[in-house]
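First to last, the protein sequences are chains A and B.
Counting along the first sequence from 1, when you hit position 18 you're at 1089 in the working numbering, and nothing is skipped either side.
Counting along the second sequence from 1, when you hit position 43 you're at 45 in the working numbering, and nothing is skipped either side.
To be clear, the hints were calculated from the coordinates, so they are not data collected in a lab.
Bear in mind that the values here come from a model prediction, so they are computed numbers and not experimental data.
A few of these clues could be false.
[Stated by the list, open to error] From the derived model, a few chain B residues whose C-beta atoms are all more than 10 Å from chain A:
1) Gly18
2) Pro20
3) Glu61
4) Gln64
5) Ser69
6) Asp73
7) Ser80
8) Ser86
9) Phe90
10) Arg108
[As the list claims (entries may be wrong)] Calculated lysine to any residue pairs in the SDA-like style (CA-CA distance at most 25 Å, straight line):
11) B:Lys98 to B:Gln57
12) A:Lys1182 to B:Ala42
13) A:Lys1141 to B:Glu100
14) A:Lys1097 to A:Gly1130
15) B:Lys98 to A:Glu1126
16) B:Lys98 to A:Lys1182
17) B:Lys81 to A:Ser1122
18) B:Lys82 to B:Glu100
[Unchecked claim] Not close to chain B: a few residues of chain A, all C-beta gaps over 12 Å, as computed:
19) Leu1082
20) Ile1084
21) Ser1144
Glycine included, each C-beta is placed from N, C-alpha and C at the ideal position.
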Amino acid sequence: SQQGEEDPQALSIQEGENATMNCSYKTSINNLQWYRQNSGRGLVHLILIRSNEREKHSGRLRVTLDTSKKSSSLLITASRAADTASYFCATDLNNAGNMLTFGGGTRLMVKP
Amino acid sequence: SQTIHQWPATLVQPVGSPLSLECTVEGTSNPNLYWYRQAAGRGLQLLFYSVGIGQISSEVPQNLSASRPQDRQFILSSKKLLLSDSGFYLCAWSVKGELFFGEGSRLTVL
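With these hints in hand, go ahead and build the complete structure from the sequences.
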């Protein structure tokens, strides 16, 4: 089974609204990463949060990590139509950073 | 800067035919390389990863194999494709634990 599971599976919002996606995982991690995928394209790395960090910001992105609950959230503020994509969380299970395990993703649609 | 090239972009193959997908990385040396597969509307499944020339680790027993004949070249192959091999195949390389993906190869097996 997958290590990470995103929730919700699909999300539809209006432009300007905030979008929140959640990720739960099962085992201890070294770090957690969020990626974005436009339809039919490769994934693009958004942000990495280490297990000893609780919150991280990058532009309109805010990621939180709660290791006690084994969960993370990705918040996109003031969404734009161009934010429409699938978003995946990925967990790094080993300290060598050789392997990332991906969740099933959240499909975000931002309506103009 | 580093770039990753993956080809072909799309491929339609009959059942039982062979497969070869190629991935090359430029601008870095001794990268960790990965092959992932993505079923429609799903997450990524790690198929193979390599930490060096000739070093391949397989994560899922399957009809596929991988080879790394050169430092920055990673090849995904099959001798006989199955219908279940259809999917979107992504090559990636990593630095400091972050993955950088190619644009993917969409394989349809008929």
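Status of each hint after checking the structure:
no. : hint                   : in the structure
1   : Gly18                  : holds (27 Å)
2   : Pro20                  : holds (24 Å)
3   : Glu61                  : violated (8 Å)
4   : Gln64                  : holds (17 Å)
5   : Ser69                  : holds (18 Å)
6   : Asp73                  : holds (17 Å)
7   : Ser80                  : holds (21 Å)
8   : Ser86                  : holds (18 Å)
9   : Phe90                  : violated (8 Å)
10  : Arg108                 : violated (7 Å)
11  : B:Lys98 to B:Gln57     : holds (19 Å)
12  : A:Lys1182 to B:Ala42   : holds (23 Å)
13  : A:Lys1141 to B:Glu100  : holds (20 Å)
14  : A:Lys1097 to A:Gly1130 : violated (29 Å)
15  : B:Lys98 to A:Glu1126   : holds (20 Å)
16  : B:Lys98 to A:Lys1182   : violated (36 Å)
17  : B:Lys81 to A:Ser1122   : violated (42 Å)
18  : B:Lys82 to B:Glu100    : violated (33 Å)
19  : Leu1082                : holds (14 Å)
20  : Ile1084                : holds (19 Å)
21  : Ser1144                : holds (18 Å)
Violated hints, in rising order: 3, 9, 10, 14, 16, 17, 18; the structure is consistent with all others.
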